[in-house]
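*Asks:* Letter by letter, the chains look like this.
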Amino acid sequence: MIRFDHVSIEYEKGKRVLDDISFEIRDGESVGLIGANGAGKSTVMKSLLGLIPHEGSITVDGLEVYKENLSQVRKKLGLVLQNSDNQMFMPTVLEDIMFGLLNYGMSREEAEKKADGILSKLGLEDLKYRHNHKLSGGEKRMAAIATVLAMEPDAVLMDEPTSALDPYNRRIIIDTIRGMNITKIITSHDLDMIMDTCSRVILLSGGRVAADGDADVILRDKELLESKRLELPLSLQTR
Amino acid sequence: MIMTCFVLLYTGMEKIDAAVAELREMDDLAALESPVHSLHPLAKLLTTFIYIFVTVSFDKYDLSGLIVMLVYPVLMFQASGIKMSTCFYKLRIVLPLVCAVGLFNPFFDKAPMLSIGALTVSGGVISMITLMMKGVFSLMASFIFVSTTSLDAICAALRKIHIPSVIVTLLLLTFRYVTVMMEEVSVMTTAYMLRAPGQKGINYKAWGSFLGQLLLRSMDRSEELYSSMLLRGFNGEFSYADVPKGRLADWLFTIAASVLFFVFRYVNVAELLGNIIMRG
Numbered sequence: 701m702i703r704f705d706h707v708s709i710e711y712e713k714g715k716r717v718l719d720d721i722s723f724e725i726r727d728g729e730s731v732g733l734i735g736a737n738g739a740g741k742s743t744v745m746k747s748l749l750g751l752i753p754h755e756g757s758i759t760v761d762g763l764e765v766y767k768e769n770l771s772q773v774r775k776k777l778g779l780v781l782q783n784s785d786n787q788m789f790m791p792t793v794l795e796d797i798m799f800g801l802l803n804y805g806m807s808r809e810e811a812e813k814k815a816d817g818i819l820s821k822l823g824l825e826d827l828k829y830r831h832n833h834k835l836s837g838g839e840k841r842m843a844a845i846a847t848v849l850a851m852e853p854d855a856v857l858m859d860e861p862t863s864a865l866d867p868y869n870r871r872i873i874i875d876t877i878r879g880m881n882i883t884k885i886i887t888s889h890d891l892d893m894i895m896d897t898c899s900r901v902i903l904l905s906g907g908r909v910a911a912d913g914d915a916d917v918i919l920r921d922k923e924l925l926e927s928k929r930l931e932l933p934l935s936l937q938t939r
Numbered sequence: 002m003i004m005t006c007f008v009l010l011y012t013g014m015e016k017i018d019a020a021v022a023e024l025r026e027m028d029d030l031a032a033l034e035s036p037v038h039s040l041h042p043l044a045k046l047l048t049t050f051i052y053i054f055v056t057v058s059f060d061k062y063d064l065s066g067l068i069v070m071l072v073y074p075v076l077m078f079q080a081s082g083i084k085m086s087t088c089f090y091k092l093r094i095v096l097p098l099v100c101a102v103g104l105f106n107p108f109f110d111k112a113p114m115l116s117i118g119a120l121t122v123s124g125g126v127i128s129m130i131t132l133m134m135k136g137v138f139s140l141m142a143s144f145i146f147v148s149t150t151s152l153d154a155i156c157a158a159l160r161k162i163h164i165p166s167v168i169v170t171l172l173l174l175t176f177r178y179v180t181v182m183m184e185e186v187s188v189m190t191t192a193y194m195l196r197a198p199g200q201k202g203i204n205y206k207a208w209g210s211f212l213g214q215l216l217l218r219s220m221d222r223s224e225e226l227y228s229s230m231l232l233r234g235f236n237g238e239f240s241y242a243d244v245p246k247g248r249l250a251d252w253l254f255t256i257a258a259s260v261l262f263f264v265f266r267y268v269n270v271a272e273l274l275g276n277i278i279m280r281g
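Residue numbers (this note's numbering), protein chains in the order written: chain A, 701 to 939; chain B, 2 to 281.
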């Protein structure tokens, strides 16, 4: 379980990016974190991973997110970045998947076996020996997801997983996300994708939680969304 | 890296794309199969080090002794299936710089060294030529090493000889991200060109802000990258490709090649052959 309890963050003195937010995410939940630019979505992700200091309390499975616990907390979480190039730093897909596994003490044989398993689960066997810089945008995103899932995290955080993808690759990513039976926190402006993948939505505005509840209810609330500089998902808009 | 960026800013976007493609071709070369490719990376690395060490140790006037050192890169190119022209083409920017090193020698060392008919060649000219040859030979040997070995294997070999992890990690990430940065430069150059039609390259007045932007972007990128590494348990040490243990043949290659280099260094093979031919 992930718990934010009265969490506040300020980058500059007096300018709060997150302002006293509290929420809980239960195991196995799929939560869409939505909001206009600058609402604090990325900050929530970063603070959860202990990448920026915070006031208040953030816990992951009862473990407080602070310096001494960071390696344990991070072992439980996986992050898929918006820009896969920043995530795939090893020469080949296989090496990238094995990177984290080897860091956690797995032998090379075990790590490769595990990498094979995750590649086959995601239907990416042909990417195994491909060089990262030669992958297409969609392939790179799928490979980035594989690198995270191979670590078997309890929860996965995804930052704009479908941005800059064509409809075909977007659909593949959505289906992949739906097939992941772990806790998911997804930030995105693609509200149709959020609707497809999340059962719950947390709407952030000005660093505060403006709404928290059933995705189907919040994403259909035109007035609420528009008051927070968002729009109804395209599939719900009538011309 | 900064040097590359300056060159790219001056040249324009088509050349940037071409440079990115060219860099990527190095991976394709390393993926070929040949006896040279199959040699253990550490054996190749050591042989290359020894070759360069022996090559640069030749006396500055020992032109005839040095010329025999060309045998190693030529044989390696033949055995690897990589064309020598590929090497010269890819090194076309560095080669003139290397050749320029001894350019002023003829002005400082005018003592006559050799007479060919009526033509007297000064020591400066000879030392200029040997300096150029040392540079070119060393580059050729280095090229044959990097073009027949994957970067991951090179890094693994460097760690095996205890090169500090920070330096090896820097090498790996620089190579991995140089193409990404070049693509970034390409995008920025395109944006510039579209608003500066008819201009050749980027005006020098914009270079400062251009490089500043690039630096900021690379800093953002490196922060995200580091976060991503931390989240996957990075503790300061990369786990490089599992390079198999060297075979006896690998080490025999290094020993035989090294012995040959030292023979070339201390026995003037060219002179010896010349004497044999003259006597015959």
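Because the hints were derived from the structure by calculation, they are not lab data. Source: prediction; values computed, not measured. Ideal placement from N, C-alpha and C gives every residue a C-beta, glycine not left out. A portion of the hints provided could be inaccurate.
To be verified - Which residues of chain A face chain B? A few of them, derived with a C-beta cut under 10 Å, are:
(1) Arg716
(2) Asn786
(3) Met798
(4) His833
(5) Leu924
*Asks:* Please go over all the hints and tell whether each is borne out by the structure.
*Replies:* Going through the hints against the structure:
no.: 1; hint: Arg716; result: 21 Å, violated
no.: 2; hint: Asn786; result: 4 Å, holds
no.: 3; hint: Met798; result: 7 Å, holds
no.: 4; hint: His833; result: 5 Å, holds
no.: 5; hint: Leu924; result: 32 Å, violated
Violated hints for the displayed structure, listed by number in ascending order: 1, 5.
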